[in-house]
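A.B. asks: Let the hints inform the model, and build the full structure from the sequences given.
Protein chains in written order, with the numbering used here: chain A, 1 to 280; chain B, 1 to 262; chain C, 1 to 161.
Any given hint might turn out to be false.
Chain A side only, calculated, beta carbon under 7 Å to chain B, not exhaustive [to be verified]:
1) L60
2) L78
3) G140
4) I225
To be clear, the hints were calculated from the coordinates, so they are not data collected in a lab.
Even for Gly, the Cβ is constructed at its ideal location relative to N, Cα and C.
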Amino acid sequence: MEVRETEFAVAPPVPTPLGRAIVVTSGKGGVGKTTTTANLGAALAARGSRVALVDADVGLRNLDLVLGLEARVKHHLLDVLEEKIALDDALVRDKRSETLFLLAAAQTREKEDVDPEKMRTLVEQLRERFDYVLIDCPAGIEQGFRNAVIGAQEAIIVCTPEVSAVRDADRVVGLLPNTFRPQLIVNRLRPQLVKKGKMLSVEDVNAILRLPLLGVIADEPDIIIATNKGEPPALDPASLVGGSYRTIAAKIAGEDVAVPEPREKPSFFGSLGILFGGRA
Amino acid sequence: MSGRRIVVTSGKGGVGKTTTTANLGAALALRGHRVVLVDADIGLRNLDLVLGVEKRIVFDLVEVVEGRCQLRQALIRDKRLERLSVLPAAQTREKEAVSEEQFAAIVAELAESHDYVLVDCPAGIEHGFRNAVAGALEAIVVTTPEVSAIRDADRVIGKLNERALPVRLIVNRVRPEMVRSGDMMSVEDVVEVLQAELLGIVPDDEEVIDTTNRGEPIVLDPARRLSAIYYKIARRLEGEIVPFTSFEPRFLDKLLTLWKAG
Amino acid sequence: MLDFFKSLFRPQPSSATAKERLRLVLLSDHLSLAPDVIESLKADLLEVIRRYVVIDEQHADVSFEHREHEIAMLASIPIVSVNGDRPAPPPPTPIRAPLPVTTASTVTEAPTVTAPAVAVPVEPEPVQAGAPVAPVRTRRRRRRKRTADGQPSLAQVQLQA
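C.D. replies: What follows is the structure, given as structure tokens:
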């Protein structure tokens, strides 16, 4: 019998504190939730944490694609929720990291098929075995959003410096439970445009959202190439964007690091290298 | 003679549906057609913002459906383009507030007094998508040359095929220099994978961000590079055969690319 | 093979990787969205196979596996016997030693793994006292294990399930 490629070497539950369940959301689509979930997950796993990534975008799954694991996904979220497949059998271990696991969404089902209470239970089960459970939320504020939020305790809001994205993020913040302490990641910043006044600055964005800032990520062609290949930049030591994600991961883990914020390059200060946000 | 009813959709969020709807609508209006744009993204409306009419909203689509106002009262006429109107979505309601039949009825009614009804579809393939598609007789699918966007576009095209809606494709945010260096899929790649009829190629342009911030569709400024592109798309939509602007590598580059690809 | 050597000297551009990954992923997505097509494919496949062998249709399975560089169809079809197998031996002469009693007369199930649903032409065999009725021709005879209390062993029961 052919040996299965996936390895589900998940340690048996030990009496450690429950892992943190964080939903990555935005309201607006296409701002980088999936990319952020994948990269933060990879960065946290690279630090040695046990991380489970859950793709809650039933019907339009993409987390598997961004991680390059699309060929390894055999079972999905609904298989587990409907108890057709055990959780261990559905979790796909990452190619590169031993402590990073993915629970893919179903491609041919709908968000309305998810039972929110079962989702909550599932997230709890994952918290028992993992240090971090990152839930990739779909665009919107309907059932898909509700499915992703239920079971989580914290939230990361991903927002690009554009009026529509800020407006949608604001709406989403209003819909999250108060206990979630949402934090902000500003994605796809183009410092040159900000300087020319053609793009909102991080301050502009946060003047409206008023959230603790977790990090700022520059708009780099890196990401497109990385997604083409299915290799998250967080695992590439040479990547600027990857560096930002790694710093954000450290911050999430409780390290006292400066918020990475890319500045316009080159500049007098830029040449010193310190402001190239989060270069490891 | 009833107007054309076209849904602009994508599956993936953030690929440029709203920008496309706004600019294509404006281009059609500039060419003399009576155009109405319908925002189907109830709860997360953005068409009004992109067009700069957000401060002029009095009534919205949900209120029309619930009979609290007349349809014509909810339409916002664009101040710059008299033939362009917008029917905004509700911001504080949910997509389930409107049924497919209700949505289809509104679109049908609008088609009686307009040449083009363009429906801006929300991301996803759930209720909001079903509503937006309900009234349409044609579809424009917007995608970018990235794997996630194309995968979602494929799913959406499948759903549109199920409803026998003719589909045309716009490939947005193409970066010719990245295509040339092999770091981005070409438009040909995208068309080949999706097997859809190409309607337009829109290059990535940082001006879009700026114009959206200011609520001024790019098409209003003929000096902007993208104006001409949207005009061409409008003409193709009207049925004219317009050659695609060559963003593809020049012949020699193409040879090199082919050689590199093996 | 040439592709392999090519890849040594020219790293594949990421756009080509992306296109190939997409091709497979869309194929996989399309297959999962067309269960009726897969059912028809399975039915046709089994029909062809039945021309050559007798199969256990209940446990026949056709699925698709998404591998790193291809999508493969996997078929798992238990085979019961080959069609047009050697004809049964001629009826034995009237005097014939009784078969060793390794089976109980109360057990009447077929010795094969599962009860096949297909009709198989069976040569009627003379029933002998103490010998089990064997309605299906098989090449092997299964020896039934019995536990101490005379019940068929669990392994045997499972085989017949």
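A.B. asks: Now look at each hint and say whether the structure bears it out.
C.D. replies: Hints versus structure:
Taking 7 Å as the C-beta cut-off, the interface hint given for L60 of chain A holds, the closest approach to chain B being about 5 Å. Look at L78 of chain A: its Cβ only gets to about 15 Å from chain B, farther than 7 Å, so that hint breaks. The interface hint given for G140 of chain A is met, as the beta carbon of that residue sits about 6 Å from the closest beta carbon of chain B, less than 7 Å. The closest approach between the C-beta of I225 of chain A and any C-beta of chain B is roughly 5 Å, which is under the 7 Å cut-off, so the hint is satisfied.
In this structure, only the earlier hint numbered 2 is contradicted, and the remaining ones agree with it.
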